[in-house]
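Chemist: All chains, full assembly: derive it from the sequences and hints.
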Amino acid sequence: MADKLIYAMYDDDDVLKESAKHLVSKGVKVHEVFSPFPIHGIDPIIGVEHTRLGIFAFIYGLIGLTLATVGMRYFMVVDWPMNIGGKPNFSYLENMLAFIPISFEFTVLCAAHGMAITYFIANRTLPGMKAQNPDVRTTDDRFVIELRASQNSNYSAKELEAFIKETSFVEIEQKEI
Amino acid sequence: MHKESAIREPLILGHKTFNDVTQDVCKPIEDKAPRTWYILFGIALIIGIYGIGCILYLLGTGVGVWGLNKTIGWAWDITNFVWWVGIGHAGTLISAVLLLFRQKWRMAINRSAEAMTIFAVFMAGLFPLIHMGRLWVGYWVMPIPNQFGSLWVNFNSPLLWDVFAISTYLSVSLVFWYIGLIPDFATIRDRSKKPISKKMYSILSFGWSGRAKHWNRFELISLVLAGLATPLVFSVHSIVSFDFATSVIPGWHTTIFPPYFVAGAVFSGFAMVQTLMLIMRKAMKLEAYIHTKHVEYMNIVIMVTGSIVGTAYITELFVSWYSGVEYEAYAFINRATGPYWWAYWSMMTCNVISPQLMWFRRLRRSLLFTFIISIVVNIGMWFERYVIIVTSLHRDYLPSSWSMHYPSHIDIGVYIGTIGLFFVFFLLFARYFPVLPIAEIKSILKSSGESYKNGTNIKIKSKSELKKAKKSNSK
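Going down the list, the protein sequences come from chains A and B.
Note that the working numbering has the first sequence beginning at 354, numbered continuously upward.
Note that the working numbering has the second sequence beginning at -12, numbered continuously upward.
Worth flagging that the hints you see were computed from the coordinates, not collected in a lab.
Hints may be right or wrong, so weigh each one.
Calculated cross-link-like contacts (lysine-lysine; reagent style BS3-like; alpha-carbon spacing at most 27 Å) [to be verified]:
(1) A:K379 with A:K528
(2) B:K433 with A:K370
(3) B:K200 with A:K528
(4) B:K91 with B:K200
(5) A:K357 with A:K370
(6) A:K382 with A:K528
(7) A:K483 with B:K180
(8) A:K382 with B:K200
(9) A:K528 with B:K91
(10) B:K181 with A:K379
(11) B:K280 with B:K14
(12) A:K528 with B:K280
(13) A:K483 with B:K14
(14) A:K483 with A:K518
(15) B:K185 with A:K483
(16) B:K200 with B:K433
(17) A:K374 with B:K433
(18) A:K518 with A:K374
(19) A:K370 with B:K91
(20) A:K382 with A:K511
(21) A:K357 with A:K440
(22) B:K280 with A:K483
(23) B:K180 with A:K528
(24) B:K200 with A:K374
(25) B:K91 with B:K14
(26) B:K200 with A:K518
(27) A:K357 with B:K14
(28) A:K483 with B:K433
(29) B:K19 with A:K518
(30) B:K200 with A:K370
(31) B:K181 with A:K483
To give an idea of the interface, some chain A residues facing chain B are shown, with a C-beta separation under 7 Å as derived from the structure [claimed, not checked]:
(32) D356
(33) Y360
(34) V377
(35) E385
(36) V401
(37) P441
(38) S456
(39) D494
The beta-carbon is built from N, C-alpha and C at its ideal position, and this holds for glycine as well.
Modeler: Structural data, given as structure tokens:
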């Protein structure tokens, strides 16, 4: 599907935030913002929902804790109980103090790595992937707003550009895909 | 009376723009390496290769080549292990704990401190592995079904806890570090002109684009990983201390060990960060980002943790007397007045007295003094582990088996070799990786940069703002 992309470039994060506010107040849908560092407060303006990665991390942590508990109970109590200094080797609960360190470590291990893998997959950032930023300067000191004609069918591309020109932009660019 | 709190010193000196930050950090990577880098790298590499040679000799011959004997079955190997793990504590502490406390000054040092952490833990991990004698069966520490009727590893043993703690710590620190590196790799990728470096950095940057949603996830994952890494930092050295504390050797069998070890680890880790940072800021011209204030903050941490360590030493002495256990009391009398008195008193001087000098503002803001103290502290912390391990062992319950420990040249070679290898890694890092978190520094430029703080916001004004100003003037 052919679509028209309009990129408006800014040279300051606060200016971009003001401009995004301006565009949104006109009823323009801002499709994406590219920036060299996180712009605090941009998400509610352009309607980016807060990520749910934290919930995932919690679930991964619980999985880790369960695995560690089940594993250690099987190894140390069920399959091959070892007599170590006469300590109770027939019940998990009575021996649990010795299992706390590894339970904790394994919980952290699973939570951290599970979360990291989810993060990479959700971002679609994996080794060797092609960079998707519209301009190489967006990782240096330029901030870009991306508008899509298909998402703003009430306005023509010209009108969208006119809106951008009301803000303190630096460069403006159109692209067909 | 009216007292106003002082405005904090700016964290970034000079009138930096976003582009200046990128330039300053990327320049050493994009330029040719200076000659001193090659010289240092060469020296580190030679020392490292010598160390590897010693390790290979050890593996070929057996652990007998160390200066151990029947009484002292643990000496330099475990000393070096604990020393390196301790050094490896500052990085994650700086980036995780200080992130949770929203300390912005961490951003000047967190990247290289984390790199230091990872390399130090590499070096630490080497020691238990070579201590096995048969390196190739190292995987036996993992709970893997095996041919011995599935005889599992002992989950009650602190040594196994160590395996899990160190490997979790290493891998989580690595992931935490790498996730922070990705946006900065993208910056270098987008700047590089040479095809090979472009290719390399584009692989390393995972195709990062800096979308708003990605930054949202980035901030959350940094926060959650910091939250996970914070208890991890404390747990790792606690578990290392359990290696000793759960035994029944007088001098080891103390409940004070976990906090005492953690404080000691942070103490030595920060000292190592100081040593490296003071050289790096000069060599890479990063004085605007790592300046006296940062050094002062770190010195305060060194002072506080040094005081905790000092208190722990004195508590140990007191309890050994107060407990009324004569073996325990003897272990400590022997430490201070026995044949290893020189190790004990060097430890006391380096770790208890030297950090107290940081109470003087003049001294803790002096870079030369800081550099000297940072090295003194690390020597002291090595002696601490040596004192705990060797002097507790060398006179055991049976006087006929009392002995002394003399390191063999393999002991020394392996230790020196790991220092060489550590610097090989660190120099490679400083050459090819962004040593400051570019993205994070830009995000604090407006709140902590000098031009914004002092209201002398001249250069940083964006072009669009100037244009606007011009327009309104002409009207």
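Chemist: Holds or violated: are the alpha carbons of K528 of chain A and K280 of chain B at most 27 Å from each other?
Modeler: violated, 47 Å
Chemist: Between K370 of chain A and K91 of chain B, is the straight-line Cα distance small enough, at 27 Å or below?
Modeler: Between K370 of chain A and K91 of chain B the Cα gap is close to 23 Å, so the pair holds against 27 Å.
Chemist: Check whether the Cα positions of K181 of chain B and K379 of chain A lie no farther apart than 27 Å.
Modeler: violated, 44 Å
Chemist: Are K180 of chain B and K528 of chain A close enough, with their CA atoms no more than 27 Å apart?
Modeler: Given pair K180 of chain B, K528 of chain A holds - Cα atoms ~24 Å apart, limit 27 Å.
Chemist: When you check the alpha-carbon spacing of K518 of chain A and K374 of chain A, does it fall within 27 Å?
Modeler: Between K518 of chain A and K374 of chain A the Cα gap is close to 14 Å, so the pair holds against 27 Å.
Chemist: For the hint on Y360 of chain A, does the least C-beta distance to chain B fall short of 7 Å?
Modeler: violated, 13 Å
Chemist: Verify the proposed pairing of K483 of chain A with K14 of chain B, using a straight-line Cα cut of 27 Å.
Modeler: Holds, because 24 Å separates the two Cα atoms, which is no more than 27 Å.
Chemist: How about V401 of chain A: closest beta carbon in chain B under 7 Å, or not?
Modeler: Holds: closest Cβ of chain B sits about 5 Å from V401 of chain A, inside 7 Å.
Chemist: Holds or violated: are the alpha carbons of K357 of chain A and K370 of chain A at most 27 Å from each other?
Modeler: Given that 27 Å is the threshold and the Cα spacing comes to 23 Å, the pair holds.
Chemist: Is the straight-line distance between the alpha-carbon of K379 of chain A and that of K528 of chain A 27 Å or less?
Modeler: holds, 22 Å
Chemist: Check whether the Cα positions of K91 of chain B and K200 of chain B lie no farther apart than 27 Å.
Modeler: holds, 23 Å
Chemist: Per the CB criterion, is D356 of chain A less than 7 Å away from chain B?
Modeler: violated, 17 Å
In the structure shown, a violation is registered for the earlier hints numbered 9, 10, 12, 14, 21, 22, 27, 28, 29, 32, 33, 34, 37 and 38, in ascending order.
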